[in-house]
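One-letter residues, chain by chain:
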Amino acid sequence: MSQHNKTDIHVSLRGVTKIFRGADGGASVHALGPIDLDLKRGEFFAVVGPSGCGKSTLLEVLAGLSEVTEGDVRFEGKPIHGEVMDGVGVVFQEDACFPWMTVFDNIAFGLRQTQLTSSEIDKRVEQALAMMGLTPFAKSYPAQLSGGMRQRVCIARTLVLQPRLILLDEPFGALDQQTRLLMGEELLRLWRETGATIFLITHALDEAAMLADRIGVMSARPGRLLDIVETGWGADRDSRIVETEDFGKITAHLWQWLRGESMKAIARSGAAA
Amino acid sequence: MTFTGLLRLLVIGGLIGLIEILCRVGVIDNFTMPPPSRIALDLWRIVVTGKFNAAIVKTLSNAATAFVFAVTVGIAAGVMIHAAKPLRHALDPFFATYYAIPVLAFYPLLIILFGLGDAPKIIIAFMLGVVAVIVNTLNGLDRVPRVLLKTARMARLSRFATAIKITLPSATPYVLTGIKFAVAYALIGIIGSEFVMSTNGVGFEIAFAYNNFDNATMYPLILLVMIVSISINMVLVWWEKRLLSRRGLR
Chain G
-4 MSQHNKTDIH
6 VSLRGVTKIF
16 RGADGGASVH
26 ALGPIDLDLK
36 RGEFFAVVGP
46 SGCGKSTLLE
56 VLAGLSEVTE
66 GDVRFEGKPI
76 HGEVMDGVGV
86 VFQEDACFPW
96 MTVFDNIAFG
106 LRQTQLTSSE
116 IDKRVEQALA
126 MMGLTPFAKS
136 YPAQLSGGMR
146 QRVCIARTLV
156 LQPRLILLDE
166 PFGALDQQTR
176 LLMGEELLRL
186 WRETGATIFL
196 ITHALDEAAM
206 LADRIGVMSA
216 RPGRLLDIVE
226 TGWGADRDSR
236 IVETEDFGKI
246 TAHLWQWLRG
256 ESMKAIARSG
266 AAA
Chain D
48 MTFTGLLRLL
58 VIGGLIGLIE
68 ILCRVGVIDN
78 FTMPPPSRIA
88 LDLWRIVVTG
98 KFNAAIVKTL
108 SNAATAFVFA
118 VTVGIAAGVM
128 IHAAKPLRHA
138 LDPFFATYYA
148 IPVLAFYPLL
158 IILFGLGDAP
168 KIIIAFMLGV
178 VAVIVNTLNG
188 LDRVPRVLLK
198 TARMARLSRF
208 ATAIKITLPS
218 ATPYVLTGIK
228 FAVAYALIGI
238 IGSEFVMSTN
248 GVGFEIAFAY
258 NNFDNATMYP
268 LILLVMIVSI
278 SINMVLVWWE
288 KRLLSRRGLR
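Those sequence lines, one after another, are chains G and D.
Residues -4 to 268 in this note's numbering are what the first sequence lists, from first letter to last.
Residues 48 to 297 in this note's numbering are what the second sequence lists, from first letter to last.
Keep in mind the hints are simulated off the structure, nothing from the lab.
Note that the Cβ used here is the ideal one computed from N, Cα and C, for glycine as well.
Please note that a few of the clues may not be correct.
Ranges of calculated distance between the beta carbons of each label pair, as one might list FRET restraints [stated by the list, open to error]:
| id | chain 1 | residue 1 | chain 2 | residue 2 | range |
| --- | --- | --- | --- | --- | --- |
| 1 | D | S292 | G | Q172 | 29 to 39 Å |
| 2 | D | G52 | G | A169 | 31 to 41 Å |
| 3 | D | L88 | G | E121 | 52 to 62 Å |
Facing chain D, from chain G, some residues (calculated, C-beta under 8 Å) [to be verified]:
| id | residue |
| --- | --- |
| 4 | G21 |
| 5 | Q108 |
| 6 | G190 |
| 7 | G255 |
Can you make the complete structure from the sequences, with help from the hints?
Right, here's the structure in full:
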């Protein structure tokens, strides 16, 4: 069991549905739902699903970047109506570093929009730099860093705001397998240190199986939750769990679900083409 | 110095040297064009005597005024038009065909409206530059990665703060291209207007010297205009290179 208190509900989704209306009378797309889900405070929840199943849409709904068509989304009991809530941070799949700012300024960006004093901002940024192993690169520009380091800058920029809910949209999608495993370990360490609730979107079954307490399996579009798998890992886990028999069983179980859904998604995209 | 820089210097030096030789051996008549070394000496004389300082100051201050207006209005209009999609769609064909309009043809009308002072010249130079700034600003804003806008929303920035802190800095390399055009158009607009109908400025002095067969004044002033324009552009290109290399784009 994790050290976090996982009894109270941190985020709740009830009947969440998202339909994209077609522009100029075009066909509507039912992207998501209905979805019912509770995230417990401090848990690490991952979502896997076939391409185009609405995983990122679900994350944007939780982030307040997209409004639901139907249903109710609550964070700490307060409804999210397509607006960003205090205490929610997002790390996107794409490189979201500001290329015109140094690493230090990138990490300080969110803090500078708050009422914090500059000395407090400097202190927090220096802590974040140290936590992410970026101190020697504080004055570097993102273009001088590798893809993995740039993603670390984005994670630091989110963590420095001390969010209580961290949403990660395939944050390691552009990285090679070894870097992904190591970044996964770093993420677990940060999760343990911050106590935040983490909601991770990923297409990598092994990543979900290694990192999460629970894994939600989504159907092909419109994305619904088909199953929620409990991994049963301890909070002190690291990438070595990929060597265990249970890890293989979990990924096999996830693949059983996803194989059919992925084929449906591929068939649909083929028909559309 | 890099090989490219050396090659560039050789090409320019070679061309100037070739013209110098052609003038010296009489292939180019000295009445038509004096040798480049003579033009350089004449320019030095003009600068030292300060004979045309008032005209130079007049032209450069008018060009600077037109440039500042074109850049300020162009960037602000670019940001506003980008935010208003229907307006963007309505204006796009106008922007695409704008430079087919000979703006200088409006000069007589502007003189009738504003008199023979500086205003018509500044308006012409402004009209030439502003659309280049708008178009390049729009081009840059179109290319702002969506993820940066999402990041701005997560930081709960207002639309104005997003424009100032995210979209404009992201679009800066493109905006800078517009600014480079604005420099060139400001000088072209002012000097061109002074050529057509004016009582002062470098363009007027060049035209006056031309009408009086005064090559010892005309060519050095043309060289001066070239030096000023190229120097400003070189500073902007250096700034652009620095920006792009920071972003890993050069």
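Going through the hints against the structure:
1. Evaluation of the 29 to 39 Å hint for S292 of chain D and Q172 of chain G yields a pass: the beta carbon distance comes to about 31 Å.
2. Checked against the given bound of 31 to 41 Å, the beta carbons of G52 of chain D and A169 of chain G, roughly 37 Å apart, stay inside it.
3. Range check, L88 of chain D to E121 of chain G: Cβ separation about 60 Å, and the 52 to 62 Å hint holds.
4. Using the Cβ-Cβ criterion of 8 Å, the hint placing G21 of chain G at the interface with chain D is not satisfied: the shortest such distance is roughly 17 Å.
5. Taken as an interface hint, Q108 of chain G checks out: its beta carbon lies about 5 Å from the nearest beta carbon of chain D, inside 8 Å.
6. With 8 Å as the threshold, the beta carbon of G190 of chain G stays out of range of chain D, its nearest partner Cβ sitting at about 21 Å, so the hint is violated.
7. Checking G255 of chain G against chain D by beta carbon gives a least distance of about 32 Å; that is not within 8 Å, so the hint is violated.
Going through the hint list in order, the structure does not satisfy hints 4, 6, 7.
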